[in-house]
Structures are given as C-alpha cells and as structure tokens.
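Undergrad: Starting from the structure of chain A, add chain B where the hints point.
Protein chains in written order, with numbering that gives the first Met the number 0: chain A, 0 to 334; chain B, 0 to 334.
It should be emphasised that the hints constitute simulated quantities derived from the structure, not laboratory data. Incorrect hints may have been included.
Any copy will do: because identical chains look the same in the list, a pair fits if it lies in one copy or spans two.
Below are the DSS-like pairs computed for lysine-lysine, each with C-alpha atoms no more than 27 Å apart in a straight line [as the list claims (entries may be wrong)]: (1) K225 / K263; (2) K34 / K282; (3) K256 / K155; (4) K263 / K245; (5) K310 / K265; (6) K256 / K42.
Protein chains: 2
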Amino acid sequence: MDNIIDKVLNADLKTVAHLIRDVEDGIPEVQEYLKALYPHTGKSYIIGVTGAPGVGKSTLIDQLIGKLRNNSNTVAVIAVDPTSPFSDGAILGDRIRMQRHNLDDGVFIKSMATRGHFGGLTQSTRSVINILDAMGSGYIIVETVGVGQDEVDIVKTAHTTVVVTMPGMGDGLQAIKAGGLEIGDIFVINKVHLGGADNTAADISLMLNLDQRRRKENNWTPPVLKIEATSSEEINSLVREIENHKSFLQSLPNPTKAQIAKSKIKNELLEITQARVIQETLKEINESEEFITLVDDIFEKRTDPYSASEKIMPQRFLSLSFAKINRGLGLGEKA
Amino acid sequence: MDNIIDKVLNADLKTVAHLIRDVEDGIPEVQEYLKALYPHTGKSYIIGVTGAPGVGKSTLIDQLIGKLRNNSNTVAVIAVDPTSPFSDGAILGDRIRMQRHNLDDGVFIKSMATRGHFGGLTQSTRSVINILDAMGSGYIIVETVGVGQDEVDIVKTAHTTVVVTMPGMGDGLQAIKAGGLEIGDIFVINKVHLGGADNTAADISLMLNLDQRRRKENNWTPPVLKIEATSSEEINSLVREIENHKSFLQSLPNPTKAQIAKSKIKNELLEITQARVIQETLKEINESEEFITLVDDIFEKRTDPYSASEKIMPQRFLSLSFAKINRGLGLGEKA
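Okay, chain A solo, but in the shape it has when bound:
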C-alpha cells in the first residue's frame, strides 16, 4: 500500500487513474488509500466552471488549461458534466479537439460519469479531487452543468467558481438565477459575437444586486466579463480575475478562513457518511427475496410502497446493527 501512496504522491498517472477507477466503482479498500492521502491534500487551487450545455465551457476550459500551464503549474480537469466534450457523452470531433492536452503529462483530464447515485456523485467527485490534490496538481478545474443540488454541492468545493453563460440564452439566464447566482465568484458571458452581451451583463448585475443569498460578510463583488473564449487575449482577463479572487481569499482574516474551511469539511464528512450508509444498508435490500415479494405485493395492490418500505427498513437496520455489535465486541467476522 505504501508503494501505491508513494506513486500517487509522485504523480504517477497510471496509478492515479487506477485509484480513481476504484473510487468510481466503490471498491471498499479504496478508503484506506484515501485516508493515507488526505494529509497531503489542501495545496491545489480548485476552480469550478459551471454553465448550461452549449455556452462554451469546454472551449473556455481548453484555453484556461493552456494559460495555467504557462505558469508551469500542472492542471487537472474533472468533467462532472455528462454533456462535456471531456466526458464520454462527447461527440467525436470535440473529443479529438481536446486530445491535444492528452499529449501533455502535466494535464490530467478525468470525466465523472453520472453513475454515482444518491449523493454518490458528489462524494466520489470529492474523493477524486482529494487524489488529484495529493498528487500535487497546481490547479484542479471542476466542470459542471450547475443545475441540481448535487451540482451545487460539488461546486461548493471550489475556491473560485466561474459561472459561464452566453447572450440570448432566454431561459438559460434563469439557470443562473436558480443555481449559479449564489455560487458564482466570476461571471463570464461567452460568445459576445452573438450580440446582446451588454443586456445579459446588465441582467446578471441586476440579479447580483437583488440576491439576498449572497453573504453580507463576504466583500467580494463578482466581476461580469464579456469575452470570446476562443480568443487567447480575452481568456487572460479571466485568468486575472481568478488571480484577483485568489488574493481576496488569502487576504481574509483567519477566523473567516477557518469558518469557510470548516463549512467545507462539514459538507464532506456528511457526504461521505451518507454515501456509506446508503451503500451498506441498501445493497442487500435490493438483492433480498423479501424485496422481490414486496414488489409483487405492490403490483398486485396488496400493499403500497410506503408501507412496504417500513417492512424492509427495520429488519435491515437490525441485521446490519447486529453485525456491527458483534464486530464491536470482537465476536463477528473481520470488517
């Protein structure tokens, strides 16, 4: 095991990729590696990039990778967005376009499928962030669609969150209002050539001013950038704003920094625990004979799913807890 930990800490990409696959597959042993790696985390700067499909997040990230690499940092990208060209859902042309970074050993790109269930995606994404952090990534970019609670939870792990939109999105602006407004540190209006970017910027600024959810103690005023992500120069303005926000976070008083860090830890601990409770209790329900019988009973209208869930739940809790009691007393099998 020490050998594998060393390899990860020395950024051996093959070992890292293997460990990440184990995280995604929910292999129980992976927890021991995550424990050993955790003390080495906390050094990467995490950037969230969130926005609806089609606004050009991938082009922007592609450019951003180049800029951040220029400063001799390594960069890791986690695409949680199933529609991202970085993801398996990608159309061939886009994937090839992204491959150029695959030739660069300092760039690690990982797509997270949506196989994570009931918080599993959030938890496994966090574990992957921890692995990439421990391996010494200078920057970790996390790409999400920004809709839904899982998404928001994932984005909350980032130090700086970039919310991307484009002019004329119509309902797309509502996506920002519904989820992105609260979490955005920098707003980017991409594809300005489409026209109407000034209106979109005014809309976002207005929404920002009206939003009650933005914390009062946080004195950061999110900039609203109008750019063409294909332009290298205009991406520079985004990089500058990311650096500005990074400096802002560093300038915060220590109690505020501790408060932010603890809030993230709290979320992480809850998510890990929830994912495990689900995994441990429900895998067996799904495979039990009683479960199949209850499905039939509901189908035949002999019972309803609410009553049925009460029938399987207590039993499950009992058998699981007896195993735990025995284990705790040294009577049971090895964990």
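TA: Quick look at chain B alone, frame taken from chain A:
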C-alpha cells in the same frame, strides 16, 4: 384523516396543495396519507418533458396544456426544472405568461424546488405524482432538465417521455446523447425557424440508430419532430405522437406490461426506503456534538473525513437499531 383523503380524491386544490407542501417539508405524518391514497393511483397518463434550459420546454408545455384540456381532461404540471418559468427561479414576465392557466381549475401547476437532497427530490416528486394521480388528473406533465441521475430517475416514472432540443445547440445535442437518448419516446426539435433543424434531426436519428442502450424487445421507433412550439397546429403533431405512443404501450402483451410496471415499482420502493434511511440516520449526526468535534479534528489535521465517518456511523446505527429492537419487542416508546 378520512376527511382529507376524501378532499384529495375530490380534487380539492387547497387540500392537495397543503399535502404537497407537507411532502416537500418531509413531515413524517404525510406517509399515512400517501398510504391511503396509493390504491387510488395508476389512472393518470404521465408525460415527461425534458431538455436543456432555453430550448422552449415551457412554451411547449403551455401549448400542450391547452390541447390536452380541449379533450376535457384535467392536467397537472410538475416543474422539477429549477430554471422553468413554472418554477420559483422564473423571470417575472414568463411567470405572468403562465398565469393564464392558473385561472383554470382543471390545471394544477406545481414547481418542485431542488431542496430534496440525496434522492429526496426523486422521492418527493414521485409522491407528488401519486397525489396528483389520486386526485384524478387526466394527464400529469413532469418537466425536467434531463441532466443527472435524479433527473433520469424522475423521467422514468413517465409513460411517454418527450425530449426537446433546438437547432444549433452544439454541445446541447450531447445532453441528449448523455441522458435523453435512452429515455426519449418522442424527440422534438423546437424553434425550427432558427434553421438547421434537418441536420439536428439527422444527428438524432443517427444517434438513435447507434444507441445500444435502447431495449431490443421494445419495438417503438421514436419519431423526431421538427416544430415551432408557438404554433398551435404544430403542437397537434406532438399530441398525435403522444397518443400513438400511448396506444403502443396499451398494445404490448401483458407480461411486458407487468415487467414495465414492476420495474417502476422497484425503483419507487428503493427510493422511498433510501430517502428514509438517510433521513432517519443522518439528521441526528448533523446535530450531534461528536460531529462538531470531528469537524474540528479534521480541520486541525488530527484525523481525515474517511476515518471520521467510520467513527460516527457505527454508533448511529447502534443507537438507532436498539430503539428499533425495543420497539419490535414492545419495550420501546410508540413509533
């Protein structure tokens, strides 16, 4: 309680709205109402409408409501999409546009916030569908963004799923590939006036032909419609295809029908159970002193979140299960 059940069965909208609020707030007593209502479900025809923000789902649904009402059916709409004009995230103008249906007693519109956590959204949406079904809705339209596992799970409750896109979405088409392809019974390319709809239709047809996930035993070939959702006539073609798919489902042999129904029941039972396990076990963790101490320990690097989760989990399972054991033996307090 019988009084409330009667009121729901007689489509008393005030009672229905109240019960739905209790479902969203996770009031435990609501389970008893859901149990009593369940035998009255299974009569509504459920239509899923899914697509990225900005493709015009709400306009399409608005028109669809009118058409389905024309056939003297009542229609209920559940907007799970937080960016929907039906939702709280909506921009004022859009909300007003939708209000016209609010004057119609046969139309019930409900927006589901994303407050459901760890599967809670899926489960509470299902419960709301059951309530609206029991109250005698002819059609229930469920609007979602179609990205993420929760979304896909919700859409799987529908009899007919309409996947909406528009020409020139670029990465937006990947949204269909990532999630919508598998679940779509009818594909709609909206906003054909933008041009390029033929290319989009060809892309979708190609993806459908290539998709291995579509079940072989299912002989339904999803139509790909090119429409302008603002046009009443063109919405008629969508209504016809919905009716076609409904007839197709009715024509399936009984064993296939049972298989489809049982698969839905299985998902529902699992979701209800998972949501309850999470609710029962983790509410207390979050409030416990040990949890606060562990967060501090992780912050001070005295432990890691993976080890910490193991410390709180077994204890929680133990205390919970002892309560259950006592209750099971008649020794504990009332459930």
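Undergrad: Compare the structure with each hint and give your call.
TA: Consistency of the hints with the structure:
1. K225 / K263: Neither: 30 Å inside a copy, 46 Å across copies.
2. K34 / K282: Cα proximity of K34 and K282: in one copy and across copies (24 Å, 25 Å).
3. K256 / K155: The answer is within: 15 Å in one copy meets 27 Å, while 43 Å across copies does not.
4. K263 / K245: Classified as within: same-chain Cα gap 17 Å, cross-chain 48 Å, threshold 27 Å.
5. K310 / K265: Between copies, since 14 Å is at most 27 Å while 32 Å is not.
6. K256 / K42: within (15 Å within a copy, 55 Å between copies)
The structure shown violates just one earlier hint, number 1.
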